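**Q** Model the full assembly from the supplied sequences, consistent with the hints where possible.
4 protein chains.
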Amino acid sequence: MQDTKSKRSLEVPKTMKAWVLDDPEQLRLTEKPVPEPGPAEILVRVDAVAICGTDLEILSYGLPAIVEGGPPFNKNFTIGHEYMGTVVKLGRGVDEFAIGDRVTAEIHAGCGRCERCREGMYTSCSNYGLNYGDKNKGHRANGFTTDGAFAEYAVNNVNTLIHVPDEMSDEEATLVVTAGTAMYGLDVMAGLLAGKSIAVTGPGPIGLMGVALAKSLGAQPVILTGTRDSRLAMGKKLGADHVINVRNEDPVKKVLELTRGRGVHYVLECSGASNALNEAAKMTNRGGRVCLAAFPHEPVPVDLAHLVRNNIYVYGIRGEGRSATHRAMAFMQQKRFDATIIHTHTFAFEEIPTAIKYAKERIEDAIKVVVKMG
Amino acid sequence: MQDTKSKRSLEVPKTMKAWVLDDPEQLRLTEKPVPEPGPAEILVRVDAVAICGTDLEILSYGLPAIVEGGPPFNKNFTIGHEYMGTVVKLGRGVDEFAIGDRVTAEIHAGCGRCERCREGMYTSCSNYGLNYGDKNKGHRANGFTTDGAFAEYAVNNVNTLIHVPDEMSDEEATLVVTAGTAMYGLDVMAGLLAGKSIAVTGPGPIGLMGVALAKSLGAQPVILTGTRDSRLAMGKKLGADHVINVRNEDPVKKVLELTRGRGVHYVLECSGASNALNEAAKMTNRGGRVCLAAFPHEPVPVDLAHLVRNNIYVYGIRGEGRSATHRAMAFMQQKRFDATIIHTHTFAFEEIPTAIKYAKERIEDAIKVVVKMG
Amino acid sequence: MQDTKSKRSLEVPKTMKAWVLDDPEQLRLTEKPVPEPGPAEILVRVDAVAICGTDLEILSYGLPAIVEGGPPFNKNFTIGHEYMGTVVKLGRGVDEFAIGDRVTAEIHAGCGRCERCREGMYTSCSNYGLNYGDKNKGHRANGFTTDGAFAEYAVNNVNTLIHVPDEMSDEEATLVVTAGTAMYGLDVMAGLLAGKSIAVTGPGPIGLMGVALAKSLGAQPVILTGTRDSRLAMGKKLGADHVINVRNEDPVKKVLELTRGRGVHYVLECSGASNALNEAAKMTNRGGRVCLAAFPHEPVPVDLAHLVRNNIYVYGIRGEGRSATHRAMAFMQQKRFDATIIHTHTFAFEEIPTAIKYAKERIEDAIKVVVKMG
Amino acid sequence: MQDTKSKRSLEVPKTMKAWVLDDPEQLRLTEKPVPEPGPAEILVRVDAVAICGTDLEILSYGLPAIVEGGPPFNKNFTIGHEYMGTVVKLGRGVDEFAIGDRVTAEIHAGCGRCERCREGMYTSCSNYGLNYGDKNKGHRANGFTTDGAFAEYAVNNVNTLIHVPDEMSDEEATLVVTAGTAMYGLDVMAGLLAGKSIAVTGPGPIGLMGVALAKSLGAQPVILTGTRDSRLAMGKKLGADHVINVRNEDPVKKVLELTRGRGVHYVLECSGASNALNEAAKMTNRGGRVCLAAFPHEPVPVDLAHLVRNNIYVYGIRGEGRSATHRAMAFMQQKRFDATIIHTHTFAFEEIPTAIKYAKERIEDAIKVVVKMG
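Chains as they are written, first to last, in the numbering used here: chain V, 1 to 374; chain R, 1 to 374; chain C, 1 to 374; chain X, 1 to 374.
The reader is advised that the hints may include incorrect statements.
No distinction is drawn between identical chains; accordingly, a pair holds when it is met within one copy or between any pair of copies.
[Unchecked claim] In silico DSS-like cross-links for lysine-lysine, where the CA-CA straight-line distance does not exceed 30 angstroms:
1. K254 to K135
2. K254 to K237
3. K254 to K17
4. K135 to K14
5. K14 to K32
6. K357 to K75
7. K360 to K135
8. K135 to K236
9. K335 to K237
10. K253 to K135
11. K135 to K17
12. K135 to K335
13. K236 to K335
14. K75 to K335
15. K75 to K237
16. K135 to K237
17. K254 to K75
18. K372 to K237
19. K236 to K17
If you're looking for bench data, these hints aren't it; they were derived computationally from the structure.
Nothing here was measured: the structure is a model prediction, and the numbers come from that model.
**A** Written out as structure tokens, the structure reads:
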């Protein structure tokens with residue numbers, strides 16, 4: 001390793017294998033040129049990539065409307081954004097990382113020049129998706145607006161990379177961005193969480209990481225709601241003090257009971273259920289806060305009067321802002337909780353379609369499905 | 001005045017005239033004992049009181065469910081919370097004000113001992129409404145949970161009073177709390193507003209004060225939307241750079257046009273219209289913020305996906321927190337705008353039912369109807 | 001216990017033993033009336049009280065100049081502010097605690113009516129010390145401006161009390177306010193600390209608690225500097241990743257070395273050494289922050305140019321604001337660290353002068369000396 | 001103008017006149033290549049540039065130690081950072097500005113990739129000064145670490161430019177960055193200033209702009225201290241409610257008197273006097289805040305005990321962060337105050353050495369000396 005560290009690149013082939021989007025729901029394995037890292041960029045050899053719910057969305061519906069150029073189908077576009085790997089080539093001006101470093105990637109690199117980036121809100125970059133040709137503002141969202149990691153190599157902005165400690169496995173390192181999203185929600189909504197109560201609604205990957213992080217930050221009690229006992233049991237292992245199966249109990253009533261009628265200080269909403277915001281607002285109290293990390297696809301009835309009368313703030317969050325992945329990584333590195341609990345299945349690069357099928361259909365109660373390269 | 005200032009009280013009668021709630025929609029003029037100010041309290045002779053939309057709500061439906069003891073009907077309860085007057089008696093330990101001082105009142109005095117009060121969120125006091133008997137936590141909300149100002153005298157916590165400068169009329173001084181509510185919304189949502197764009201939706205009293213304050217704070221442009229040209233014209237006088245009559249134009253399209261496609265940084269929602277939040281979310285941009293100062297009474301369909309995908313924060317606000325009335329008063333005292341524009345009608349104390357009728361039915365396009373005592 | 005909980009008081013004698021200040025350095029044991037709790041107040045039977053460095057200061061020099069009425073000598077004044085005990089009597093309107101509850105006390109109860117209290121800065125109450133006679137604003141600072149706990153009983157504002165969990169010893173519970181002060185410094189200066197680096201300078205009780213809390217919050221690395229190896233060893237047990245004995249090494253140089261030349265994000269200064277601020281400023285980097293929790297008694301030379309050129313913020317903190325004691329208690333209750341390590345000696349109530357001597361002269365390397373009643 | 005706007009560049013010569021640093025205190029007029037704007041950069045034809053106190057410092061002592069490569073003497077380096085001009089050429093990906101636009105420049109463009117930039121603190125960029133060769137991180141500080149505006153043309157990062165409204169003169173537009181620095185200090189220290197009291201110590205350009213902006217933000221009262229009556233009179237014109245000549249009156253005593261013994265909420269320190277911080281701390285009150293925008297060159301005795309005991313925060317600020325120049329420009333554009341009052345002298349490009357002499361020796365009571373091109 002010593003030798004490689006002094007170099008600007010490892011040997012890198014000219015072309016690589018990559019999965020690309022054809023028609024909706026169609027992935028095709030192809031051969032692409034290995035991309036070149038520009039200034040402030042790094043070429044990473046992908047070692048592992050996890051499947052995210054958003055990957056499934058893009059595969060079915062394309063990207064959010066905010067991206068110029070329309071749907072990504074049949075454009076040779078590669079998705080995949082929860083990944084880690086090894087630094088193999090450095091762009092101009094890069095010395096924050098060395099060849100051979102193991103790194104994990106957050107999704108967004110803001111343009112660094114718009115109003116939002118200048119105030120630190122880089123995941124809300126005003127130049128979102130403008131990263132080609134004349135409109136090149138330098139924004140990147142790996143696997144959303146720039147090629148992602150269902151491929152052997154991927155380019156990243158130096159901004160998006162975090163060192164992976166030696167003792168952390170490749171698989172665990174792919175979970176940092178999921179944890180980072182939960183951490184961002186906690187940061188924005190709650191800040192200092194120690195000694196405060198929180199309910200996490202929805203035990204998906206973000207919700208489960210939310211439980212683990214809230215516990216690490218000193219929240220008490222941490223309450224998790226969901227529909228499946230297996231997931232709730234996982235939540236307990238990750239630090240939930242109480243779990244509520246909403247099939248058996250009224251979650252609002254139960255949360256109030258667990259908090260002696262006062263409600264929780266914060267609710268991290270990760271279920272996307274139709275009535276989730278209304279219930280969340282009733283689980284908290286006057287002056288309480290709710291973070292929406294998931295959402296129903298159609299407009300749903302919301303009791304706005306309750307929000308106003310109770311001075312409740314609602315935070316929609318997108319992604320993993322405020323460098324929250326770094327805080328998430330710190331807790332994972334310090335072994336405050338075992339993130340690998342949510343990693344349930346592993347497949348090889350060639351099996352990505354199967355991996356996706358497992359994630360989508362929750363086969364064998366799959367939570368995080370990881371694709372391990374090489 | 002010199003003489004009176006050294007005293008602890010002016011001469012005060014034992015009883016006073018007061019309007020009280022009978023059945024819903026019924027006000028009755030009666031005689032009540034003049035209340036005694038306790039420690040940290042002040043007795044104020046009411047000199048003027050304005051009618052607020054919330055007064056009309058209480059008169060019809062009673063108080064929000066959060067107040068113990070149920071509806072306020074037939075309990076000798078006096079409403080009225082937008083008032084000013086003259087200090088006539090000081091409770092123990094009070095030297096912040098002197099006998100004879102002219103003062104205007106904000107609504108809420110938090111208990112000072114709960115978690116919310118201790119973090120400065122006194123309008124979200126956890127002991128809201130607990131101000132009687134064994135449950136006495138010292139919270140007061142004038143005209144909501146403790147007797148208000150449709151009476152000759154009213155007791156206030158020293159916390160809620162602000163000095164009225166000599167050159168400000170009684171009528172103008174009653175508007176400070178309305179302006180304070182708008183200011184609170186701007187504070188919570190936007191903080192430093194100078195140079196940022198804002199849309200205010202709904203040209204009621206709070207919306208119009210919101211326009212004036214946003215302008216005073218340096219916002220640009222300030223855009224006002226509404227349905228009536230007369231109100232919009234008033235908004236222009238108070239500082240709106242652009243007004244949009246939503247009967248003639250699509251407000252979302254127009255706001256985007258006025259901001260070269262970028263949307264405004266902030267929306268202060270004061271209309272309570274069913275689609276107001278969805279429109280507000282589309283008037284702003286990624287990372288934008290919306291403050292709800294009004295609300296529809298029934299749940300309405302809300303596009304939560306748009307909030308999450310665009311990282312939009314939504315702030316429900318109740319009342320006039322963070323001492324925002326003091327900031328509002330500062331701008332009014334500095335004559336940054338003419339708040340009296342929204343004061344349209346004046347009635348005598350005995351005419352309160354007529355005053356309420358004017359406010360409710362918007363007779364002669366009434367906005368702020370003020371009752372002037374004596 | 002069940003029975004006692006339903007009562008408003010346990011049996012309480014009319015008089016109690018209390019130590020009072022005579023001339024400087026002179027404590028006298030006397031008999032005093034047991035005080036009556038007023039509205040929002042609670043009478044606590046003191047079960048344990050720790051000696052704080054500030055007690056020693058008051059004993060020698062009197063109170064800070066901010067307290068009306070001059071020095072506290074020969075006025076029958078009782079000091080002692082790091083204490084815990086049992087609730088024995090409730091003032092009017094108190095139901096937050098029940099008779100028989102074990103509680104620990106923070107020092108300050110703000111007046112709840114001044115500008116600072118209204119914005120949540122109750123330890124900076126503008127009515128500091130005004131709690132008697134006509135000037136009674138309701139401020140309390142236990143053992144500073146109102147009688148403290150070198151006595152059998154003490155009155156507290158309900159604001160200042162925190163429940164002590166069953167499994168926590170009396171001795172440990174007296175340490176909560178020390179930890180709360182360190183936590184306040186971390187809150188004000190750093191907020192979200194996870195993944196950030198910090199140096200704590202000075203391994204006194206506050207510094208050592210600062211190390212433990214910073215570690216609990218996820219800071220990395222946590223560096224502690226000091227002059228005595230025994231204290232530094234204690235710091236290691238409490239979570240310091242690195243310790244620096246400034247007698248052997250240049251702490252600035254060493255901190256830079258440990259952070260690969262970048263400096264730490266934050267410095268919590270707890271030594272009060274003459275050059276501590278200058279060194280702290282050089283241990284951090286452009287945009288860094290320093291919190292002063294200790295101070296030299298005389299003015300010292302400070303390189304202000306360095307602060308300005310490097311955009312460094314310096315936070316003087318007094319006491320344990322922002323309800324930080326609650327966060328500190330949460331971590332202690334969750335057994336994130338063993339606070340009892342800093343508790344070195346125990347004495348009986350009658351031995352308070354000896355306890356003070358041990359604390360002052362650091363006899364047998366005393367850190368926290370606790371007085372256990374009964 | 002219409003025609004030029006559609007182009008990517010106006011005609012630009014190959015070389016330009018520029019003043020460069022020789023030995024300390026020596027400026028030499030020379031011919032340099034006109035620089036090329038890279039991605040995210042813009043070439044500006046300099047139309048006017050003001051002399052700043054920092055220019056005089058660099059001329060005498062070189063740059064702060066933070067810049068790699070040592071002193072800037074005899075390296076063909078061009079200083080000058082308070083400037084405005086006309087856009088003549090656009091780098092790749094730039095469409096925020098058009099050819100022919102009038103713009104004014106703030107100093108700092110952060111690297112956009114370090115920790116500080118990512119949290120919005122771009123003036124505290126961790127890669128300060130690293131903008132050449134292999135270490136190229138993209139940071140720029142015009143006239144400090146990259147060539148400035150004592151030249152016919154200058155390159156800027158798109159981040160640093162602000163549109164100048166048609167009705168604003170070239171001279172006034174050069175003052176925006178000075179106002180932006182004062183605004184940054186107010187932002188960091190005070191946030192919402194309306195209704196709060198402030199003292200500005202030192203009526204130099206930043207202090208005077210601080211007075212004007214504090215007034216615009218609604219502060220009351222605004223108190224200015226200084227040693228020269230002519231400057232204080234200027235402060236009055238810009239909005240000071242009270243001025244104090246420290247040669248005639250004790251400023252601490254007077255500030256306390258003007259605030260009825262309570263002290264001001266905030267102090268913006270712009271004098272750099274030896275005792276300024278101690279006096280500022282005594283002008284404010286418990287919980288108060290002081291911003292240091294100037295500094296003495298040598299360490300000075302500071303009463304840290306006073307800062308700690310009174311919970312005072314001290315903010316060293318460097319430059320014009322948080323996009324404060326945009327807020328300053330908003331107020332100037334809205335004509336809230338007449339910034340041109342501080343512009344006292346104008347010289348031609350060839351006369352820069354004379355302009356500097358006027359600024360340095362304050363000839364004819366010079367405040368802002370502006371160099372007008374062409």
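**Q** If any of the earlier hints don't hold here, list their numbers in rising order.
**A** Going through the list in order, the structure violates hints 3, 7, 8, 12, 14, 15, 16, 17 and 19 and respects the others.
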